[in-house]
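Participant: Chain residues, written in single-letter form:
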Amino acid sequence: MGIVERIDRDWIQPLPLQQQLELVATISQRLTVILKKEQSTIEQPHQIQNEVKNGEFSDEAVEREKLTYLALHPLLLEKYLGEHIAIHGGELVDHDADGVALSQRIYARFPEEFVWIAPVKLQPVEEWVVRSPRFESLAG
Amino acid sequence: MMYTYEYDTDYAPPLPVVEVAVQPFGQDCEPIVLTAMIDSGSDGTLIPLSILRQLKARKTSQLVMRSITGVGSIVDIYEVTIRLGPHSFPKVRVAADKHNDMMIVGRDILNQIVVTLNGLASMTEIDE
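For the protein sequence lines, the chains are F and Y, in the order given. Count the first sequence with the numbering used here and you get residues 1 to 140, in order. Count the second sequence with the numbering used here and you get residues 141 to 268, in order.
If you're looking for bench data, these hints aren't it; they were derived computationally from the structure. Cβ coordinates follow ideal geometry from the N, Cα and C atoms, glycine included. It cannot be assumed that every hint is accurate.
A few chain F positions that, by computed beta-carbon distances, are all more than 10 Å from chain Y [said to hold, decoys possible]: (1) 5; (2) 8; (3) 10; (4) 64; (5) 75; (6) 81; (7) 99; (8) 118; (9) 127; (10) 130; (11) 131.
Simulated pairs of lysine-lysine, BS3-like, Cα-Cα distance not exceeding 27 Å [unchecked claim]: (12) 196/Y - 238/Y; (13) 196/Y - 66/F; (14) 238/Y - 79/F; (15) 196/Y - 79/F.
Okay, the calculated bits of chain Y under chain F, using three or more residues with CB under 8 Å as the criterion [said to hold, decoys possible]: (16) 143-156; (17) 165-179; (18) 194-206; (19) 252-264.
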């Protein structure tokens with residue numbers, strides 16, 4: 001199964017239909033904007049600015065780094081399986097077998113910017129199961 | 141030394157719980173003390189989103205969380221420091237729970253300590 005199919009199965013299909021439609025609309029708008037831009041004006045990874053809304057990192061920032069993580073996963077798996085990685089601005093910025101040390105460095109280096117920090121596991125999309133029936137609402 | 145916590149009798153039958161001190165990772169601020177359900181059926185630890193926002197904990201990733209029926213949803217992961225009885229966990233990746241107001245301690249933590257569910261005494265016991 002390719003990365004696109006995996007993203008669709010693991011990240012898109014769990015969303016309610018309305019959110020799937022909104023996602024398609026957002027991606028379409030983004031692609032339209034990108035296609036209209038000159039190559040030289042496309043934002044480079046290192047130019048990405050902080051994106052904080054209401055004291056939290058924006059969904060756009062999270063989505064951007066998540067997509068980078070998913071795209072890089074085959075490479076990360078090859079080199080850093082079992083380690084923790086940090087992705088910012090569309091690129092791998094750090095890695096460490098010690099997750100605490102990695103987060104300390106990343107928080108100091110990027111105090112106000114979203115950085116995707118996660119362990120590298122065999123599957124690109126990490127899954128947790130909560131077997132208590134009272135948490136059925138999590139899916140809603 | 142053993143730390144003990146009475147079961148929550150608001151539930152029938154009573155629910156094994158513990159008291160947990162939570163801080164945002166890397167910050168030396170006053171912890172929030174939460175009552176948490178012991179749930180060996182949960183792969184990971186969950187904290188209500190409202191608490192994570194109050195703590196100003198840092199979001200660092202996402203994952204898919206599946207319920208008992210296999211239905212999945214995407215949840216945000218935050219990094220926090222947790223203290224449970226005599227045990228300190230400097231960095232725990234916890235899922236933000238938008239739908240429930242009780243913290244859940246899952247197997248990511250439970251498998252690192254000795255927990256006794258003393259049902260006859262209605263006490264959760266945490267060994268040093």
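Participant: In terms of Cβ atoms, is chain Y entirely out of 10 Å range of residue 5/F?
Facilitator: Consistent with the label, residue 5/F stays out of reach of chain Y, its closest Cβ about 15 Å off (over 10 Å).
Participant: Sort out whether residue 79/F lies within 27 Å of residue 238/Y, counting only the CA atoms.
Facilitator: With Cα atoms ~35 Å apart, residue 238/Y and residue 79/F exceed 27 Å; violated.
Participant: Looking at residue 81/F again, its CB stays over 10 Å from all of chain Y?
Facilitator: Consistent with the label, residue 81/F stays out of reach of chain Y, its closest Cβ about 17 Å off (over 10 Å).
Participant: A cut-off of 10 Å on Cβ-Cβ distance, and residue 131/F was said to be off the interface with chain Y. Does that hold?
Facilitator: Given a closest Cβ separation of 3 Å, the condition is violated.
Participant: Is the claim that residue 118/F lies outside the interface with chain Y correct, judged by CB distances over 10 Å?
Facilitator: Given that some Cβ of chain Y is not farther than 10 Å from that of residue 118/F, nearest at about 4 Å, it is violated.
Participant: Is residue 127/F truly not at the interface, in the sense that its beta carbon sits beyond 10 Å from all beta carbons of chain Y?
Facilitator: violated (5 Å)
Participant: Count the residues of the segment 194-206 of chain Y with a beta-carbon closer than 8 Å to any beta-carbon of chain F: does the count reach three?
Facilitator: holds (count 10)
Participant: Is the listed coverage of the segment 143-156 of chain Y by chain F valid when you require three or more residues with a beta carbon under 8 Å from a beta carbon of that chain?
Facilitator: violated (count 0)
Participant: Run the C-beta distances from residue 10/F to all of chain Y and say if the shortest one exceeds 10 Å.
Facilitator: violated (6 Å)
Participant: Check the non-interface label on residue 99/F: least C-beta distance to chain Y beyond 10 Å or not.
Facilitator: violated (6 Å)
Participant: Over 10 Å from every CB of chain Y: does residue 130/F meet that, or does the non-interface label fail?
Facilitator: About 5 Å separates residue 130/F from the closest Cβ of chain Y, which leaves it inside 10 Å; violated.
Participant: For the pair supplied as a hint, residue 196/Y and residue 66/F, confirm whether the alpha-carbon distance does not exceed 27 Å.
Facilitator: holds (21 Å)
When the structure is compared with the earlier hints, violations turn up for hints 3, 7, 8, 9, 10, 11, 14, 15, 16, 19 and for no others.
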